[in-house]
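These protein sequence lines are chains A and B, in that order. Here full-length UniProt numbering is used: position 159 in the first sequence is 159, and no number is missing along the way. Here full-length UniProt numbering is used: position 20 in the second sequence is 20, and no number is missing along the way.
A couple of the hints might just be wrong.
[What the hints assert, rightly or not] Simulated crosslink set (DSS-like; lysine-lysine; CA at most 27 Å straight-line):
no., chain 1, residue 1, chain 2, residue 2
1, A, 19, B, 73
2, A, 186, A, 51
3, A, 146, B, 146
4, A, 51, A, 73
5, A, 146, B, 19
6, B, 19, B, 186
7, A, 19, A, 186
8, A, 94, A, 51
9, B, 94, B, 73
10, A, 186, B, 146
11, A, 237, A, 19
12, B, 51, B, 94
[As the list claims (entries may be wrong)] Facing chain A, from chain B, some residues (calculated, C-beta under 10 Å):
no., residue
13, 111
14, 148
15, 171
16, 180
Because the hints were derived from the structure by calculation, they are not lab data. As the structure is a computational prediction, the values presented were derived from the model and not from experiment. Each residue gets a CB set at the ideal place from its N, CA and C atoms; glycine is no exception.
Number of protein chains: 2
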Amino acid sequence: MPSIDVCYSPELLHLYDLKGKAVVAVDILRATSTMVTAFAHGATDIFPVMKLEECQAFAERGCLIAAERDGIKAEGFDLGNSPFAYMNGNVQGKAIAITTTNGTRAIHLSMEAEEIVIGSFLNLQAVTNHLLDLQLDVLVVCAGWKGKFNLEDTLYAGALVERLQHAFSFENDATLASLYLYQTAKQDLVTFLRQSSHVRRLENLEIHKDTEFCLQHDVYSTLPVWKNDRLVDIAAKRELA
Amino acid sequence: MPSIDVCYSPELLHLYDLKGKAVVAVDILRATSTMVTAFAHGATDIFPVMKLEECQAFAERGCLIAAERDGIKAEGFDLGNSPFAYMNGNVQGKAIAITTTNGTRAIHLSMEAEEIVIGSFLNLQAVTNHLLDLQLDVLVVCAGWKGKFNLEDTLYAGALVERLQHAFSFENDATLASLYLYQTAKQDLVTFLRQSSHVRRLENLEIHKDTEFCLQHDVYSTLPVWKNDRLVDIAAKRELA
């Protein structure tokens, strides 16, 4: 039986051996939720990058460029980090370069893994099914908040563990704690998270709507996976095949 | 109102500013529980050190020396890491050098703090009262397990937060998660922790008795605090005064 483990911060990733494992990279508010939404609305490729300048350079390659700083769209960019900005047909058939801090870091530090999958509540069952197929040991890598633990990514890890618990072993405390927290919170994730620091930061920016959207389970069948130098949606490729 | 925050691993300590803060160092199974027990049974000073050789050198200074490796007393030492080994009058009036890995690391990495207090369930109320008196911002530093998150230290953090919640602000997710987990677990901590990885490791070594002992609340009024180069029990000094 493969195992599942949870890493609460990119700052702890050096303690884990990623070789041969499937990493699920998670940044619920909002990087990975937004990436999943972009693919669901027809984006072809996503390039996650750390820096604004790096992101801007992708414009010359014909990409849409997306950047958020302090919760709002950065000047000179096509898109911000709200999933709602990717829904009006504007990303159909396009490649996008997105710069986010926490989420991109989690992805870039996971390059040793056998596979990197992008997780969010929005594509929870798609990721679950894929991990059941893969039969690799799994590490959920929470982006956290500036290196620190955050609740929303942990709750996602717990939701994934709940769905995988009969097919994966978990003998570590981070996985248990994630599952307990999710089971405490799941009846009303929005209210539960309203106390969390990051959600309160976002609420100050009046993006309740984004938070509520990102906490919905199983909205999309999108399955973004890292290939070579970018994310692609392997669920879309399956549909085309 | 001062604040309380929780750091889940010494590996994350660099993300926190310790200046002017009170750190509560925690390694429930078993370093800090054992230190509290040793002071309660008359130990005068405790020197926490990282390495066996360093610890052995303290024997020449007239100290008892204590060391555990892989859950049992190391050869050539007076004491192991079980709290029961410190109860039969043998530590009365003695200084002790103890080597433990996770717990000592948490203490040594916290030297920038204004005050370092040793926390355990056994002296929970004593630490609570002391923090209420101090009125400093508090950071609970969980020793964790080889740098990773563990449940027993997190549950202690939650217990402390529960007692301090009306006098301290907490606007971070690690503190909230600790409190939720403690509230889920507190009716039966022993059963709850039986699923945890570290407790199962210890149970393999047949030290159920230690685990059950270390989870008892408010057994001692001991208050070990770092002074200069060692831990001393400031509660004992108050009683003498």
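Problem - Those earlier numbered hints the structure runs against, lowest number first - result: 1, 2, 6, 7, 10, 13
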